Amino acid sequence: MSIDITTVRHIARLARIAIDDADVAPLAQELSRVLDLADELGAADIADVAPLAHPQGEALTWRADAVTENDRADAFLALAPDARAGLYLVPKVIE
Amino acid sequence: MTGLFTSIAQCAQALRARQISAVELAREALRAAQTHADLNALISVDETGALAAAERADARLASGTWSSLSGIPFAHKDIFCTSGVRTTCASRMLADFVPPYDAGVVERLHDALAVSIGKANMDEFAMGSSNENSFFGAVKNPWDTARVPGGSSGGSAALVAAGVVPFATGTDTGGSIRQPAAFCGLTGLKPTYGRVSRWGMIAYASSLDCGGVLARSAEDCMHVLSAIAGHDPRDATSVARGVDNYADALRAPLQGLRIGVAREYFGAGIDAGVGATVQAALKQYEQLGATLVDISLPNAALAIPAYYVIAPAEASSNLARYDGVRYGHRCAHPTSLEDLYTRTRAEGFGAEVRRRILVGTYALSAGYYDAYYLRAQRVRRLIANDFVEAFKAVDLIAGPTTPTVAFKLGEKSADPLAMYAADVNTVAVNLAGLPAISIPAGFREGMPVGLQLIAPAFAEGALLAASHQFQLATDWHRRTPGGAA
Amino acid sequence: MSMHPGWQAVIGLEIHAQLSTSSKLFSGASTAYGAEPNTHTAVVDIALPGALPVPNHAALDKAIRFGLAIGAHIASRSVFARKNYFYPDLPKGYQISQYELPIVSGGRLPVRLDDGRVIEVELERAHLEEDAGKSLHDAFHAATGIDLNRAGTPLLEIVSKPVLHSAQEAVAYMRTVHTLVRWLGICDGNMQEGSFRCDANVSVRREGAEKLGTRAEIKNVNSFRFVEKAIEYEIERQIRALENGEAIVQETRLYDAARHQTRSMRGKESADDYRYFPDPDLPPLAVTLADVEAVRATLPELPEARRARYIGELHLPEIDATQLCHDRATVEYFEAVLSGLRTRDAGPGEKGDAKLAANWVLGEVSAARNAEHLHFDAPRVSASALAELLTRVREGVISGKIAKDVFAAMWSGEGDADAVIEKRGLKQISDTGALAAAIDAVLAEYPSQLADYRGGNEKLLQFFVGQVMKRTKGQANPQQLNALLREKLQS
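Each protein sequence line maps, in turn, to chains Y, C and V. Residues 1 to 95 in the numbering used here are what the first sequence lists, from first letter to last. Residues 96 to 580 in the numbering used here are what the second sequence lists, from first letter to last. Residues 581 to 1071 in the numbering used here are what the third sequence lists, from first letter to last.
Each statement offered as a hint is correct.
Straight-line Cα separation of at most 27 Å, DSS-like style, residue types lysine-lysine; simulated pairs:
1. Y:Lys92 x V:Lys663
2. V:Lys1003 x V:Lys981
3. V:Lys984 x V:Lys1007
4. V:Lys799 x Y:Lys92
5. V:Lys809 x V:Lys714
6. V:Lys1007 x V:Lys1050
7. Y:Lys92 x V:Lys714
8. V:Lys714 x V:Lys663
9. V:Lys714 x V:Lys799
FYI, nobody ran anything at the bench for these hints, they're computed from the structure. Just so it is clear, the structure is predicted and the values come from calculations on it, not from any experiment.
Please construct the entire structure, taking both the sequences and the accompanying hints into account.
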C-alpha cells in the first residue's frame, strides 16, 4: 500500500509527532513498505472468522468498590517536568 | 568467566554451604559487569540496592529460611518498573524516569530474595530484534562482539551469556526472549500470555507482551518461572489459575513425547546450516525416545503481516501517554500545546518507535481499521486455530528459533523489513498467546543455534521437561563464549 | 407548539452522569469531590508507564440498574474500547469508553411536560466510560494547570435518540433523567459539582422534511435553565442562518451564559479520528441473567409507578403526587410519616392520613428544609416524630394551627411533640366549662359588638372567635369554640 505525503502528514498529526519536511518523503516510502507487508493479509480467507482480541479468552477480573489508594501527590508531582501549586502545567490552552 | 554463575542451583548450593555469601556473590556479579562493560549490556547499575538485597538474603540464609533464588544475582530488563531505580525502556523519553512503584515481577523476585544488580539494555520500548535501537547504544554479542545479541532483550541475553549473572528477566512480544536466547546460546522461556503479571511492565503491545526469563538451562528457567508466575489482581489480563509445580514437571521423561515438526518453520528463508543443526537436534530427541511427526501450520506466512499490524496499532495507543506533561522527557520552551506534544515525542522516540507508532496509527485510522487492524485480528484467530489443530496430534511443536545465527551489527539496521523477517518463526506464538522456549541446539560458523519448542497454553511444565531432558543428554547449553564448558 | 412555523427542531441529549461509587472506574483512588489537586490519583490515573486498569464492579451494577429502570436491553457481552485523542486532561492519550458493544442499549422514559402532556422519549444507549481531569486556564499567566483528581471517575453516558423537538421537551427529559438517577441511587445529580452534565445535539429542518439537518453540539451546559436557553438560542441561530441561505457547520459550540448565546469552540478539531478499538488490557464484560436479576431485585418502585399509585390508591391530588415523587428522599420521608400515622391512629380518619401527611411534607417540612438548604435525608424532625405530632392533631390534643408552632419548636430542637406541648402548655382547650367561661368573658367585654351581632351583623362572629382564641392563647379547640359560641349567641 503506497501512502502519499499528505497522508503521512495527517498520520503524524494524529500521532502528535513532529516531522521535518526533509524526512516526510523518505518516511512515506518506509511506511509504504511496511504497509505492503500488511497488505499480504488480503490473501487470507477470513469469512466467518471472528477477531481474536484476547488469547486466553479469560474472564474479566473486577475490583470491589473501595478506596485503596493513599495520597501520593508529592511523589507523583515530583516526576513532572513542570508542576506548580499541585498542578501539572502545559502551555495555555484556549477553548 | 568465574565459574560461579554456571547455574542457579550451583550458586544456591555454594551459598547454603557457606562457601560464599550473598554479598560476595553480588560483588562478583558487579565486578563481572564492570569487566564486560564493553558489551554495553547494562543501562543502570544499582550497587547500593544490590548489596542491600544481598545483605537481606544473607540474613535469611543464616536463619534457615530461603527460596531457590535467595541471594542469586540477576538483572531486570529495563522495561520493568523498579521503585526508586531509573527505568528507561532504553528510550530518551524515559532517560531520567524513576518509577515510584515496583512491577509485579520485581516484587516477586524481591520477595524471593534474588539480588538485582541493575537494569539491562534493550531495544527501545521493546521494538526491535537486535538491540541496535537503544538510546543508550547497541549491545554486543559476547560470542562475537561484532554481532548483535538479538532483541529486544539483548542486554539480558548478553549479561547471562557473558557469565555476569546466572539469569535475567526479559519480555517477549514477537520473540524478544527467544531470539536473543538463540543468538547467545541461552535457554529463554516465554510463558503463556497472562501467566506472568504485566503490572509495571512497560507496555508495547498489550495483547502480546509476556514477561519471562533468560538463563543457562531449563532447570534455571524453572526456578525463575516458579517465582514470577501467578495471578495478579492489578492486571485484568492476568489469568486466575493456579501455578503448576514446575520442579516436579521437570522430571517427565521424553519417552512417548510427540514432537510436531512444522514444515513451514524450515522454509526458504532458513539458513541451511541452521536448519541442519536443528534437524540434528531433533534426531537426538528421537534417540531419547520422542517421536517426530510432520505437521503443517498453514497460515504461518501470515504471522509476520498480522504481527506488524497488531503490535504497532496497540503500541501507537500505549505510547500516547508520553507527552511531556506528567513525567519523562519534555522539549525545551514549548510555545503551545501542539508544540509541546509534537516536539517532545519527536525528540523522545527513536526512529523505529516513531515508525511503528505511525504504522499503528494508520492501521487504526478511519477507513483503514477494517482492512488492517480488524483483518489482522481475524487472521490471528486463523493462526491460533492452526496451533489448536496441530496440538490434537502432537504434544509440542519444534523448529529453528531464528532463520540465521546472530547477524553482524549494522547488517540489517538499515532495512526494517529485513529485520522484521527475522521474526518469522517466533511471532505466531505471541499471536496465539502460547508458551515457547528456545534452547541451545548446536553451532554454525561458531555461533549458537537455537531450537524452539512450542506448547499448548499453560503447558510450561511440558516445555521445561522436554528441554531439561535434552540438556541432561547434551552439553550445548553449557558452552560459553570463553570456551570452557 | 412550534415557535417557528415551517421549521422543526430536532434535539438529542447526551448526558454524563457521574456514578456515585467511592473509588474510580479503573483504580482504587477516591472519587470524593473538593480535594486538593492531584491528591486523589493512583498510578493508573496519572498513566505512569506500566499501569493497568481493573474495573470497579459497583459501576457495572449502577449501569445495569439504570438500564433496567428504562426497560433497556442489558448486553450479556459488552466491550471496553479506547477512544484515542490528545488533551492534557486525558493522561493516557485515550479514554476508556464503550463503542460498538455498550452495556445498555435501547430503553424509554416517560417524560411529563409542563402542560401535563406525557411524551415517551426513546433512548439510544447508555455506556460506561471514565471521566477526564480538569483544566484550569486562569490559574497561571501563560499556562494551563491540570488537576487529575477527576480523571478516571466512572461516568454513565446516557444518549437519547434525536426525538426531542423543543427546548422545553429537552429540559423536561433532562429533569426526568436527573430525578431517575438520583432516585436509583446511582448518581447524586449535583450539577454545581459537575456530577451531571449535558451535551445537546441540535439541528433544524423544514417541517415535513425527512432528512435531518446538520447538527451542532452544545457542550457541557451545567444547569437546566442554561440548557433551555442554549437550545432555544441555537434553534433560532440555525433557522436564521438557513433562512439567510447560509449553511450550518457541524461543530462543537459552548454556551456563553453572560451573553446568552452559543459560540463556536475555537481551536477544536473538526471531527477528530478517535481510532476506536477494543481495549486489549480489558477482556469483555460478561453479564449473566443471574447478575441482572440480582440487580433487579434491588430496584426501588420507580417514580412514575409510585406517582400513579399515590393517585389511584391514596387518592392524592396529581400535583401532590408529582411533587412528592420528584425525589426519593422526599417520598421515603412521606412514606415513613404515613406509616407512623397509621400505626398510631387506630381510629377513623384513614382516608385523610395520606393527604394530611402530604400537606405537611410538602408544606411545613419542605419550607423549613428549604430555609436551611437541607435535604430530605437529613431533616431536623424525623418522620416518626412528625407522625407523632400529626397524631396529636388527630386526637384533638392540639389544633392544626397550634401544631405548626409545635413543629417549629421541634425543628429548633426543643424536643418531641409531647414534650413541647407539655412545656409550653399548648394543649387544646376542649373542656366545655373552660370554653364557656372564656366565651362569657369575651361577650361581657364587648357589649356593643354583641349588640351589633344580635342586630344582624353576622360577620362579627369571627371577631368573637378571634377574641376567644386570643384569651385562650390560641388553644381553644376551634370546632368546640364555634359550636358553643353560636349556641351562646343564639340565646
